[in-house]
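Asker: What follows is each chain in one-letter form.
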Amino acid sequence: MAVRLTLRDKEFTVNPGTTIRQALKLVGIQPESVIPTRDGELITDDEILKDGDHIRLIAVISGGSL
Amino acid sequence: MRCRKCGEKAAINMRQHKLALCGTHFLDWIPEQTQRFIEKYRMFGEDSRILLAVSGGKDSLALWDVLQRLGYQTTGLYIGLGINEYSMRSQEMAEKFATENDLNLTVVDVADEEGATIPEASKLTERGKGKPCSVCGLTKRHMMNRVAREGGYDVVTTGHNLDDEVAVLFGNTLNWAVGYLARQGPVLEETAAGLVRKAKPFCRFYERETAAYTLLRGINYIYEECPYAEGATSIYHKELLNQMEEVRPGLKLSFYLSFLRAKESGLFVQESTLAKSKLAQCRTCGQPTTAPDQCAYCRTWDGVRKRRVTTREGETR
Ligand code: SF4
Ligand SMILES: [Zn+2]
Ligand SMILES: [Zn+2]
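Respectively, the protein sequence lines represent chains A and B.
Be aware that the first sequence starts at 1, since it is given in this note's numbering, and climbs by one per residue.
Be aware that the second sequence starts at 1001, since it is given in this note's numbering, and climbs by one per residue.
Just chain A, same shape as in the assembly (with noise of 0.2 Å):
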């Protein structure tokens, strides 16, 4: 088993093992951008990834004349 990472429709799997950041630099998401969740839950990005986790990012950046 692997690690889910999914942004809006987007799906990534990545090796257990790294942090959340570590993870997210790797697929080539802005940790600025995002909100890692887990059930639900916020949780912080230097959370060490386990097998089967599947982390829920929250899009933060919005955009247009304002």
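It should be emphasised that the hints constitute simulated quantities derived from the structure, not laboratory data.
Take the hints with a grain of salt, since some may be wrong.
[Claimed, not checked] Listing some non-contacts, in silico: residues in chain A with all C-beta distances to chain B over 10 Å:
#1 Ala-2
#2 Phe-12
#3 Ser-62
[To be verified] A partial selection of chain B residues facing chain A, derived with a Cβ cut-off under 8 Å:
#4 Ala-1011
#5 Ile-1012
#6 Glu-1207
#7 Ala-1212
#8 Ala-1229
#9 Gln-1270
#10 Ser-1277
Note that beta-carbon positions come from the ideal geometry of N, C-alpha and C, so glycine has one too.
Fit chain B with the ligands to the supplied structure of chain A, relying on the hints for placement.
Answerer: Relative to the frame of chain A, chain B with the ligands by itself:
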């Protein structure tokens, strides 16, 4: 990571403040800080009548929630832009939040007021060159001010966060748009010519903090983006700034704060005096403008209506 206040597991880490907090303490911290900014920048007082622009997105609903928790008197203003599904869903979110929290919400619809939706209007004007954001921004600002004036509100508040502010600041700095720089800040003072005071109580929160607040408070907001936001310059600027923030935590905040300090110490004073001296009243709507006769809003919408009639006549012929 642990909460600095209680040692429980942290829900969020704010690297720019070297501060990690658990959900409970973060939900206390946001209103405390908001109150601090309201006082520091003299935004409004306990008795002020506040008109709050609500888009149905995370920032405006979080702001509404916080101001309500702090005991301020607010009325929400939702502006219907007519952007299909997106507008319908965001209006639903705004209405639902108002009902559930027993708050007043005023809804105005651009198509009802001006005869065309934002996407329709953008096709019938040179402004924005076919992209709706420019007409949209102009219309939102105008309508907010109009509703605030008619309703006798003391101040208009918007949910702009630090990332929004810094993206605009960055864009204006790249262009040395001194006129705009002179006007940017947590508060835009009212002018004699009929511009209602504007305040941004969230201007020092990072975007991820306002998002975390809505999630932890269980506030339902519209998660989808407006379809026209894709490829917007402001988003590009936000991404660039986040890349820098990644390497230097706190960079976004210090960019904003040092800009405010520079302004405080007199940078752009000339520009802002100049801009004020040039303000005249629009002959159609009476709102202040730097244009000699009609404001950009009235010119744009008059143009849209004229073209609309000509295209219609063309169709029937
Ligand atoms: S993205 Fe553009 S069109 Fe959409 S709401 Fe924002 S300003 Fe308006
Ligand atoms: Zn705590
Ligand atoms: Zn006008």
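Asker: Any of the earlier hints contradicted here, and which numbers?
Answerer: Hints 3, 9 and 10 not satisfied by this model.
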